[in-house]
Structure formats: structure tokens, C-alpha cells
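A.B. asks: Go by the hints and put chain B with the ligands onto chain A.
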Amino acid sequence: MSEKLVFDRPQAVIDRATHYCPGCHHGVAHRIVGELLDELEVTQDTILVTAIGCSVFLYNYLNVDAVEAPHGRAPAVATGVKAARKDKFVLTYQGDGDLASIGMAEIIHAANRGENIAVVFVNNTVYGMTGGQMAPTTLIGQRTTTCPSGRCMEHEGAPIRMTEIISSLGGVTYAARAALNNVKNIRQAKKFMRKAFQCQIEKKGFGFVELLSACPTNWKMTPIQANERIETEMIPYFPLGEFKDTLDEGGTC
Amino acid sequence: MSKQTERIFVKGNEAVVRGALAARCKCFFGYPITPQNEIPELMSSELPKAGGEFVQAESEVAAANMLLGAGACGIRAMTSSSSPGISLKQEAISYMAGSNTPAIIVNMNRGGPGLGDIGPAQGDYYQSTRGGGHGDYRLLVLAPATGQEAYDMTIKAFDLAYKYKNPVMILGDAILGQMKEAITPWQPEGIDDEAGREWSLSGAKGREKRLIKSLYLEEGALAGQNKNLQKKYEDMQSYVEYEEFETEDADLVVCAYGSIGRIAKSAVRNLRKQGHKVGLFRPITLYPFPSAALLALAKQGKKFLTIEHNLGQMVDDVRLAIRTVADSDFAPIYPGNLPIPEDIEGPVLEWLEGK
Ligand SMILES: Cc1ncc(C[n+]2csc(CCOP(=O)(O)OP(=O)(O)O)c2C)c(N)n1
Ligand code: SF4
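Order-wise, the sequence lines are chains A and B.
Counting in numbering that gives the first Met the number 0, the first sequence runs from 0 upward without gaps.
Counting in numbering that gives the first Met the number 0, the second sequence runs from 0 upward without gaps.
Looking at chain A on its own, in the form it has when it is part of the complex (with noise of 0.2 Å):
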């Protein structure tokens, strides 16, 4: 009997181990995205642009151009390469330190003028690589490194929704939040993230999904309690659905 390969590496994805620790969702949302890249056919004509934080060798891990961005400038150094480079695909990705609190100027503007770029966002409700310190997203009564005793409202104020407030603004084609902690969500993140790619693609604008992703490290789990606590404390605050869609209108310019 002959065998039929039915699930390989993508070509956009190197042949090597990460750095991740185990549990991470990092890797997941690496895999998708070469997936994606393959699928689309834009691997040799992808130009990324790496963040800071836990996810910033992602340049090793796929077989595409790639360039470092500062700490949470990466929407405003893709701006300059989408400028440079029209005809090339170009993609950031995220986390959530970077993206939404030194970085949120460079995203809501890179959003708001509707550069035709994809953002991958990745929502871990912390600051991974530097050791767990809270972030503009972590949960009320979430305990980190500088919120001993818990995020609370009165001082520290409320978790930032990103999907929502990018989905408000003008130059948006496509804004969606997925999870990545079971089968089920994967394959929804997955269908989240072509269309933002599709965006692109087509030529219509800004595309961005917002991945909740386990950090077990740092909130002191094991992967499996981290994939509950996704479901049980995250999701109900960060609700999972594509926020804005109008891939179909022709996009924004």
C-alpha cells in the first residue's frame, strides 16, 4: 500500500526547534501564520516586521525577509517598508507589551490611515520576556510581578480591548479576535487570519486579528490549566468574533 502524505511543515516555516517554553502559543500562531503564507502564496514575497518580546526571533523560525523593529514601532517600520515595497506582503506581529502600551500610537495610526499591511496580535495578559510584569491587557484581580496583589481598577485601570477600539477606527478593513487554546479556536483564529491576509491581497487595507495566547510561565500554570484559564477568564472579557468586516465594500481606498 503506498503512502499519501496528508500533513507536512509548511515551506514558509524552518526546520528547526524554538526557543518557546513548553505551553507557549507563540508556536501555534507561528505555524499558522506560514500556513497562511504558503496558502496565499506570498512566503518569497513576504517582508516581516519583528517586535519586541518573547516572539522577536520569529525571524528564525520562517524562511521570509524579515527586519527588527523597536519596541512596539512595528506598525510605523511596516508603514515605511509597505511605502518602499508596494508589491510585497507585509506583516508584524505583536504581543501584547508591545503592541498595546509602547506601541499604541503606531498601531491606532497605522490602523487609522489603513496601510495595507496585516497585523497579528498576540494577547498573552503579560509582559513575557521580561518576566511577567503586567500588561495594559491583564485581567482584573491578575496577579504579576508589578501588581503583586492583583490589577485593580482604581489603580492600575481597566484591561485594554484592542479588536474593539481598532475595529472603530475609519481605516480598518478587517478586525477580529480569536483564541488558540483548543482545536476549535485554532481553526477559527486560522479562518480569522486569512481574511486579514486576504486584505492585503486584495489590495483593501489594514487587516488584524488579536490572538489570546497562553503564557503558562508567567501566570504559573501548567499548559493545560493555562488553555482553561483562556476559556474561563480571558474569553469572557475579551470576546472571541470578527468585530469588523468589510472586506467585500472594496476596503477603505
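Rather than coming from a laboratory, the hints here were simulated on the basis of the structure.
These numbers come from a predicted model, not from an experiment.
In this text, a Cβ means the ideal position worked out from N, Cα and C, and glycines have one as well.
Derived DSBU-like pairs: lysine-lysine, alpha-carbon spacing no greater than 30 Å straight-line:
#, chain 1, residue 1, chain 2, residue 2
1, B, Lys-179, B, Lys-155
2, A, Lys-190, B, Lys-208
3, B, Lys-164, A, Lys-85
4, A, Lys-202, B, Lys-208
Computed from the model, here is a short list of chain B residues facing chain A with C-beta under 7 Å:
#, residue
5, Val-54
6, Asn-64
7, Leu-67
8, Gly-68
9, Ala-71
10, Cys-72
11, Lys-212
C.D. replies: Leaving out everything else, chain B with the ligands in the frame of chain A:
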């Protein structure tokens, strides 16, 4: 180089834009700040006509990072600002220096520190020549004194940025940016629009992927990167420019750069008419600093008086250059004031009387 005979009457800021367009600048990223607003304004109307892209960024931070993105793609790109805005651009400038990315940054220096004023000053000399952002790095710094030099040096800046794969700063001031005078534009020949083809990002079709980064975590890797950068800065030392005026028989050499260098030239002319043996040394590249030429003058036994539109910054480089044989005195022109030749003649005469 082909000469264009028709002269045009333009502000220094416009001369920079005309030079950039002649050098086939293809991307410009700006943010308003006086006294350089004519640069983004003119770019917004002229660059699209030349097939380029203009973006008004949300901040100087973003503009400089856009420049990093375009520079990494090997596209001739530029940003401009004035002092407080240049401070914000330092983050990306350090990253561009660290990742060998060519780019042009124009600073029309205004008075500081802080918000200062919108008048002319040279208070950003240290920031321009010492790095300004974090880490061990240098920019090539060109200091035009006239509209024509602003035009010529902007063209040259693009070639230098590509030659050294390094950010180049054009350091002017509010006098240069705002003053109108006649210039003769010319069109450089033989520009290679694809100059970065061997290293720039364009998608990995038919070749290995490329990475432009400044992070070096492996044991010894950062030391290696810094050694390479240092080697580049040593190579740059061969590129120096300066003007010497009436130095041959001069007892006292005034050291001044940019607009102040130009005003000092008038002062030297006036003082010569009165019989004083004074000359002018005007550095045109501030980094690399024309140390060897200054040292040669010092070895002839000349005395030095550095005059700057700040409280004493370039004087450090003058002293470093001549330290083995001589020293330099210093006279400040306070930032924000608009000096005239008499303001330079005054301290020179005082010095002559005192010696
Ligand atoms: C200007 C600047 N400030 C701070 C840092 C330090 N830093 C490195 S990673 C990081 C947090 C990144 O967190 P996040 O974006 O949530 O990504 P994660 O590590 O969780 O994937 C910070 C603050 C930096 N590199 N640059
Ligand atoms: S610290 Fe958190 S985000 Fe970083 S690799 Fe580990 S699990 Fe992933």
C-alpha cells in the same frame, strides 16, 4: 554632473528638498516642527509627482521608524525635523546605525534645551556627532553653510549613506532653513536606484532570506558587530571636508561651522580690512571631524578661537585635534539670537587685545 544654468531663489529648506529630488529620493516621512516645515510641505506636493511616497507620520518617533523600514528595503529615503523632534528620532537612528541601514536625517537646529525657541542655534552638535541615541555608533554629519551647499550636500548625503550603509545627518539651523538665496541646481548622473540590491529586503524569491536586525545575543556576537561598526567609522575618516579662508598668514584662526561659519567669514573679511591677521577654518563634515587639517595649522604655530551658536561643544573636537601642540579658546553666541558679523568680530578683537 550636469550643470543646470537657470538659478532659482529658494529657502535653505527648499534647497534640501530640491537636492533630495535630484538625488532621486523615493520616500519621505515627516512631522511638522518649525523651522523646517517647508521640507515636508514641499515633499508632500513634489515627491508624488516624482513617483515617490510621502507620509505625514503621527510623531517623529514614527517618522524615523518608517525611515528604518524604507531604508531596510534599500529605497532612497529621508526624514527631516528640528531639535525636539530629532531627540525623538534618536531611538530609530540608533537602530538604523546598529543594523547598517542607510537613511538621511535633516536637522534644522533650533534653540534649546527643551522646547527652547524657534530661533537659530547650534546646540545639537554633541547629539549629532556623539551618537545621540544609545550604544556606540556614529553618523556621518554634514554641515552646509549656504543654500547651494544644502543642495549639493543633500545629493552627496544619499551616496554616502549607501556607500557606508549608515544614516547620514544634514545639520543646518534656522538661519539656513529660513533664509532665501539664489542657488544653481544640477542633476547628478549615474545614480543607481538599486544600489542596495545585494543586501536589502525585497522578498526572498529565488534567493536566501535576508534579515536586517541589531540584536546579537550569542556569545561574542555583539562584540563582533561593534568591531565591524568601528571599522566602518575608521573607513569614514577618509571622507572629510572643510573650508580654509585666509589661514595662510593668519596668527589667529577662527573655527566655526554652518551658518556661523559663513557669518564668521564676513567677520574675517572685515577684520582683514582693518589689518588683523585672522583666518577661518570651517569644518564641513562634523563627523568625521577634519582633525588632521586643523593639526597641520596648529603645527604652524597658529592660535585658535572657536565660535559656536551654543555654549561650547565643537570646541571639544577642536581641542582634541590640536591637543599635542596647541589649545583653543572659546566664545559663545547665545542660542536663539540671530548673529551678525559684528557679533563675531567683537570676541575676536577682544581676543587680539588680550593676547
Ligand atoms: C524601549 C524598550 N523598552 C523596554 C524593552 C524591554 N522589553 C523587552 S520584551 C518586553 C515586553 C514584551 O511583552 P509583550 O509584547 O507582551 O510580548 P511577550 O514577551 O509577552 O510575547 C519589554 C518591555 C525594550 N526592549 N525596549
Ligand atoms: S515567557 Fe510566556 S510568552 Fe514567552 S515563551 Fe514563555 S510562555 Fe511563551
